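Asker: Residues per chain are reported as follows:
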Amino acid sequence: QQPVQSPQAVILREGEDAVINCSSSKALYSVHWYRQKHGEAPVFLMILLKGGEQKGHDKISASFNEKKQQSSLYLTASQLSYSGTYFCGTEVAAGNKLTFGGGTRVLVKP
Amino acid sequence: GAVVSQHPSWVICKSGTSVKIECRSLDFQATTMFWYRQFPKQSLMLMATSNEGSKATYEQGVEKDKFLINHASLTLSTLTVTSAHPEDSSFYICSGRGSWDNTDTQYFGPGTRLTVL
Numbered sequence: 033q034q035p036v037q038s039p040q041a042v043i044l045r046e047g048e049d050a051v052i053n054c055s056s057s058k059a060l061y062s063v064h065w066y067r068q069k070h071g072e073a074p075v076f077l078m079i080l081l082k083g084g085e086q087k088g089h090d091k092i093s094a095s096f097n098e099k100k101q102q103s104s105l106y107l108t109a110s111q112l113s114y115s116g117t118y119f120c121g122t123e124v125a126a127g128n129k130l131t132f133g134g135g136t137r138v139l140v141k142p
Numbered sequence: 002g003a004v005v006s007q008h009p010s011w012v013i014c015k016s017g018t019s020v021k022i023e024c025r026s027l028d029f030q031a032t033t034m035f036w037y038r039q040f041p042k043q044s045l046m047l048m049a050t051s052n053e054g055s056k057a058t059y060e061q062g063v064e065k066d067k068f069l070i071n072h073a074s075l076t077l078s079t080l081t082v083t084s085a086h087p088e089d090s091s092f093y094i095c096s097g098r099g100s101w102d103n104t105d106t107q108y109f110g111p112g113t114r115l116t117v118l
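Respectively, the protein sequence lines represent chains L and E. In terms of the working numbering, the numbers along the first sequence are unbroken and rise by one, the last being 142. In terms of the working numbering, the numbers along the second sequence are unbroken and rise by one, the last being 118.
Some clues are possibly wrong.
Stated by the list, open to error - Label-pair restraints from in silico Cβ distances:
hint, chain 1, residue 1, chain 2, residue 2, range
1, L, 70, E, 28, 23 to 33 Å
2, E, 17, L, 43, 12 to 22 Å
3, E, 8, L, 112, 26 to 36 Å
4, E, 64, L, 142, 41 to 51 Å
What the hints contain is simulated information worked out from the structure, not anything from laboratory work. Every value quoted in this text rests on a predicted model; they were computed, and no experiment measured them. We put the CB at the ideal spot given by N, CA and C, even for glycine.
Bound-form chain E, shown alone (with noise of 0.2 Å):
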C-alpha cells in the first residue's frame, strides 16, 4: 500500500516551454501533497506544499509562477515549470501523506527527472 506514482519519468524540452509533472496517489487519498527539488548529490529541498482544493503554500525562494501547483482532487497534483530554463533542469521528486493514521508519513513517488536544453 501507500503507493505514488510520477508522470513522466523523465522529460527534455527546450528553454521557454512549459513541462506539466503529475503526481498520483494510487491506493490512497493525500491529503497533503509535497513538492521537492533535488540537485545530485544533494539533499531533497522542500519547493511547495499543496492540501487537495486550497492553494499551495511555497517556501521561500521559490517562484509561485514559475512552478505552478494544482491539487484538485484527493489522488491528483500537478507541477508544472513554465518558461523552463537550463537552471530548472533537476530531478523533481512529489510525495504524499494521507489520514489513515497519525504518524504524518510521507510517501514519495519514483520522481521525474527534468532536462532543459
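Same shape as in the complex, but just chain L (with noise of 0.2 Å):
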C-alpha cells in the first residue's frame, strides 16, 4: 500500500522553511527521501533507518518515528534549488522494495 505524503503541493518564498510528512498504514523498516526535477530521474536525498533516526545535509533534514509510522523531511532557509517534487519511498524489511508516496511538488520563489 502506497505511503500518504501532504501537502500535495508547496509554494515558498526563497528562505522560508517547509514540511513535508510521509506516513504508512505498515510498519516501516527505512524510509528514503527523493527530490525529482522535471523531466529527470529522481536524485537520493537521505535514509531513515528504525530506531528513531534524524538527519540533515546542508539546510534539509529528516526525522522518522515508527512508532507513528511516519517521517517528516524539512526544508530550511530554502532555496530555489530546492524545488522539485520530493518523494518517500518506505521499506517494511531490509532487502525489500521501495514503494513510492505520491509525491509533494514544492516550488521556491524568489
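Hints given; two lone chains; assemble the complex.
Answerer: Written out as C-alpha cells, the structure reads:
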C-alpha cells in the first residue's frame, strides 16, 4: 500500500521553511527521500532507518518516528534549487522493494 | 559514486515495434535492479525487480511477456517493451542497489522517455 504524503504541493518564498510528511499504514524498516526535477530521474537525498533516526544535509533534514510509522522532511531556509517533487519511499523490511508516495510538489519563488 | 546510466534517453517508435532500454551501473555492482514507470505528474510505479542471473519478479498487473527484463551481469539490466502500443508511452526509470552498505539505497538512472506513435 502506497504511503501518503502531505501536503500535495507547497509554494515558498526563498528563505522560508516547509515540512513534508510521509505516513504509512504498515510498520516500516526504513524511509528513503528523493527529489525529482521535471523530466529528470529522482535524486537520492537521505535514508532513515528504524530506531528513530534523524538526519540532515545542508539545510534539508528528516526524522523518522517508527511508532507513528511516519517520516518528515524539513526544508529550512529554502533555496531556489529546492524546487521539485519530493517522494518518500518506504521499505517494510531490509532488502525489500520501495513503495513510493504520491509526491509533494515544491516551488520556491524568489 | 553510485552512478546509473540509461540508454537511450528518449525513443519514438511506431506501434507494434519492440524497444530495448539499457540500464548500467557505472561505478558499483548492482546486485538488484528495479524498473519503474512514471506517468506525467504521478508517482513512481514499480514494474519489476531483477537480481543478477535470475528471473525478474514482476509486480501485479505487469505483463512479463510484454516487458522482458534481463539482468545478465552485475552492471547491466535491460528492459524490452515488446509490440509497443501508444498506451505504453511513459517515462521508464531504472535503479540499482548495491551491497556495499546495509542501507538498501537505490540509485536512479536518468530515465528513458518512450513515445509510441
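Asker: Work down the list of hints and note, for each, if the structure agrees.
Answerer: Hints, verified against the model:
Range check, residue 70 of chain L to residue 28 of chain E: about 26 Å between beta-carbon atoms, so the 23 to 33 Å window is met. In this structure, residue 17 of chain E and residue 43 of chain L break the distance hint of 12 to 22 Å, their C-beta atoms being roughly 44 Å apart. Judged by the Cβ atoms, the range 26 to 36 Å given for residue 8 of chain E and residue 112 of chain L holds: they are separated by roughly 31 Å. Separated by about 47 Å at the C-beta atoms, residue 64 of chain E and residue 142 of chain L satisfy the suggested range of 41 to 51 Å.
Of the numbered hints listed earlier, the single one contradicted by the structure is hint 2.
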